[in-house]
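Participant: Sequences listed follow chains A and B, in order.
Numbered according to our numbering, the first sequence spans residues 2 to 336.
Numbered according to our numbering, the second sequence spans residues 2 to 336.
Warning: the hint list may mix true and false statements.
Since the list can't tell identical chains apart, any single copy or any two copies may satisfy a pair.
[Stated by the list, open to error] Calculated pairs, DSS-like style, for lysine-lysine (alpha carbon to alpha carbon, straight line, at most 27 Å):
hint	residue 1	residue 2
1	LYS117	LYS26
2	LYS293	LYS215
3	LYS4	LYS59
4	LYS114	LYS4
5	LYS117	LYS107
6	LYS114	LYS311
7	LYS107	LYS162
8	LYS152	LYS245
9	LYS287	LYS59
In case anyone wonders, no lab produced these hints; they're calculated from the structure.
Predicted model, so just to flag it, every value in this text is computed and none were measured.
2 protein chains.
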Amino acid sequence: MDKITMAHGSGGKITHSLIKDVFFKHLGNDILERAEDSAVIDAGTGNIAFTTDSFVVKPLFFPGGDIGKIAVCGTVNDLAVTGADPKFITCGFIIEEGFSCSDLEKIVKSMAKSAKEAGVKIVAGDTKVVGRNEADGMFINTSGIGVFGGKNRRLGSSDIKAGDKVIISGTLGDHGIAVLSKRQGLEFGSEIASDCAPLNGVIGELMEGFAGIKFMRDPTRGGLATTLNEITPDSGIGIMLEEKNIPVLDGVRGACELLGLDPLYVANEGKIIVITSPADEAGIIKVLRNSKYGKNAACIGEVSSDIPGKVCIRTRYGVTRIVDMLTAEQLPRIC
Amino acid sequence: MDKITMAHGSGGKITHSLIKDVFFKHLGNDILERAEDSAVIDAGTGNIAFTTDSFVVKPLFFPGGDIGKIAVCGTVNDLAVTGADPKFITCGFIIEEGFSCSDLEKIVKSMAKSAKEAGVKIVAGDTKVVGRNEADGMFINTSGIGVFGGKNRRLGSSDIKAGDKVIISGTLGDHGIAVLSKRQGLEFGSEIASDCAPLNGVIGELMEGFAGIKFMRDPTRGGLATTLNEITPDSGIGIMLEEKNIPVLDGVRGACELLGLDPLYVANEGKIIVITSPADEAGIIKVLRNSKYGKNAACIGEVSSDIPGKVCIRTRYGVTRIVDMLTAEQLPRIC
Chain A
2 MDKITMAHGS GGKITHSLIK DVFFKHLGND ILERAEDSAV IDAGTGNIAF
52 TTDSFVVKPL FFPGGDIGKI AVCGTVNDLA VTGADPKFIT CGFIIEEGFS
102 CSDLEKIVKS MAKSAKEAGV KIVAGDTKVV GRNEADGMFI NTSGIGVFGG
152 KNRRLGSSDI KAGDKVIISG TLGDHGIAVL SKRQGLEFGS EIASDCAPLN
202 GVIGELMEGF AGIKFMRDPT RGGLATTLNE ITPDSGIGIM LEEKNIPVLD
252 GVRGACELLG LDPLYVANEG KIIVITSPAD EAGIIKVLRN SKYGKNAACI
302 GEVSSDIPGK VCIRTRYGVT RIVDMLTAEQ LPRIC
Chain B
2 MDKITMAHGS GGKITHSLIK DVFFKHLGND ILERAEDSAV IDAGTGNIAF
52 TTDSFVVKPL FFPGGDIGKI AVCGTVNDLA VTGADPKFIT CGFIIEEGFS
102 CSDLEKIVKS MAKSAKEAGV KIVAGDTKVV GRNEADGMFI NTSGIGVFGG
152 KNRRLGSSDI KAGDKVIISG TLGDHGIAVL SKRQGLEFGS EIASDCAPLN
202 GVIGELMEGF AGIKFMRDPT RGGLATTLNE ITPDSGIGIM LEEKNIPVLD
252 GVRGACELLG LDPLYVANEG KIIVITSPAD EAGIIKVLRN SKYGKNAACI
302 GEVSSDIPGK VCIRTRYGVT RIVDMLTAEQ LPRIC
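Kindly produce the complete structure, drawing on both the sequences and the hints.
Facilitator: Structure follows, in structure tokens:
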């Protein structure tokens, strides 16, 4: 490939090739190549988590959120799923000349609100302005630092084993469909809102209560399917999903059918996958269902040694099929 | 003002208003409002420095550097001038659909080379692709962490006092003129190269050798004049510059005269300002002049209590004038 395509930003197979063939090839080191949601680094006096994300969501305002909310929540969640306690965020704005100052202020207020809810401080920032038609409104980068200690122990995929349970904290695909419907001016009966939310509160509660938790991740770009496929490839284990247990809102399901999308691949911005030893399954689901953003939490599958390196799903019709990572782009500019 | 203008990204007065009226207003906290090049935060077990910068330089390749080199060096330098030892960098790419893969690889290789020279690890990254005409080629955000301890003590402007010396590590304006001449296809006799470089090596040497160092900063966007004006406004001190001592390459001076620019306001990407007690002046200049990027180091001024809150310059003709912060934009998309 000699030109960058939208697929390079999809989070799917082509993104992974780019990461391996260009970024790891030249920039690679032990920490980067772990390819976790946050890097865990030794900052001289102990480990901290460090992460970055750029946000290019289009449109900037959508049902349930805006680019400012997603920029703060996305980075908070990337830190929290590593097991860290998110503490500090930086933000870098790239703004197109002519952008509305009142929209900028709305976005900044939204960032402030999300930062307050998440309990993080925005400690540094940068603003660049580019000419008309040199950017599409506004892009935001947020980078973040989280700390370990106490209940905040470092999680990773290495402890996952056969028999562990796979839990999702709620319905899949809300964010992707909310953004898409706003962008395309589509209506699907009742308005679907993005699930965009800071999850460090409930994640902290789970870490406190359940030593059986092995792994967490937020299934954003590329959805549940892509995220689960990132865990399995080099391991001796696979994941078997149970379709009937996977929560999807009726409106999202209808929109996906209409548009030819699979909710397993649609982005979420306020959901976590938890992989846990079976003993803690019921307790975790109870805590999630009692929390603000986890009312539809469910156990959706199990880790299995029978399908090493694969993610499979048992459909409603009893058929088992492979859930592969997408090659290219399903929904561009979703986050 | 109801629309964002190029001036909001200039680094001058209008940028400072935006920061105060929008960002500090909604996101403000004790750390952010210090407005240093890096935030100094307590990461649970000790202080670290944390910074972010987005790079939108146009063109992406210019004499002496490219967007990858500037993205790494800029963040390394922002950490180092705080007194920290730069350790870890993240990078967030926003790429326009259709961007050349070989140019991407050139940029990534350049980042790797600069990271190696600076001794920093790139530990996390993110790639987003936007459609054609939704960005101008490529933008890069780098965020970074630096650590304190040993020679790496935290510097700040509060210890500066009358009689302290102001040193610059070399010629002013090289970066701005290099980028501008490439962008406009101008030629000024010999090609002027950007000074873009990682300065943490020589900064470390200075920190090790000279306890009299009070403050350092890299005069990037907005140049020397803007950076010095950021130090003085709320303090009881001012800075008196000596024009005849300020090093400027002949080619840069000629280009500035031709274009109506003042080298005091033109961006540098490989220079530091050092403010030190007078006893260390000669030693610092000697170390700088023996270093790779400091051959033209010079003492260019002195801190004075006679001009509180002001930056002034004694010109070659013996006249003294105020060097104010620019209101708006001199050179857009310079970094």
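Participant: Now tell me, hint by hint, if it's right for this structure.
Facilitator: Hints, verified against the model:
For the homomeric pair LYS117 and LYS26, the shortest alpha-carbon distance between copies (14 Å) is at most 27 Å, but the shortest distance inside one copy (39 Å) is not. For the homomeric pair LYS293 and LYS215, the shortest alpha-carbon distance inside one copy (23 Å) is at most 27 Å, but the shortest distance between copies (49 Å) is not. For a Cα distance limit of 27 Å, the shortest separation of LYS4 from LYS59 qualifies both inside one copy, at 23 Å, and across copies, at 20 Å. Only between protomers do LYS114 and LYS4 lie at most 27 Å apart by alpha-carbon distance; the minimum there is 23 Å, versus 39 Å within a single protomer.
Proximity of LYS117 and LYS107 under a CA criterion of 27 Å is satisfied intra-copy only: 15 Å inside one chain copy versus 41 Å between copies. Taking CA atoms no more than 27 Å apart as the test, LYS114 paired with LYS311 passes in neither setting, with 40 Å inside one copy and 37 Å between copies. In the homo-oligomer, the alpha carbons of LYS107 and LYS162 never lie at most 27 Å apart, since the shortest distance is 46 Å inside one protomer and 41 Å across protomers. Within a single copy, LYS152 and LYS245 get their C-alpha atoms no closer than 33 Å, and across copies no closer than 61 Å, so neither meets the 27 Å cut-off.
Within a single copy, LYS287 and LYS59 get their C-alpha atoms no closer than 35 Å, and across copies no closer than 53 Å, so neither meets the 27 Å cut-off.
Hint compliance for this structure: hints 6, 7, 8 and 9 are broken, all remaining hints hold.
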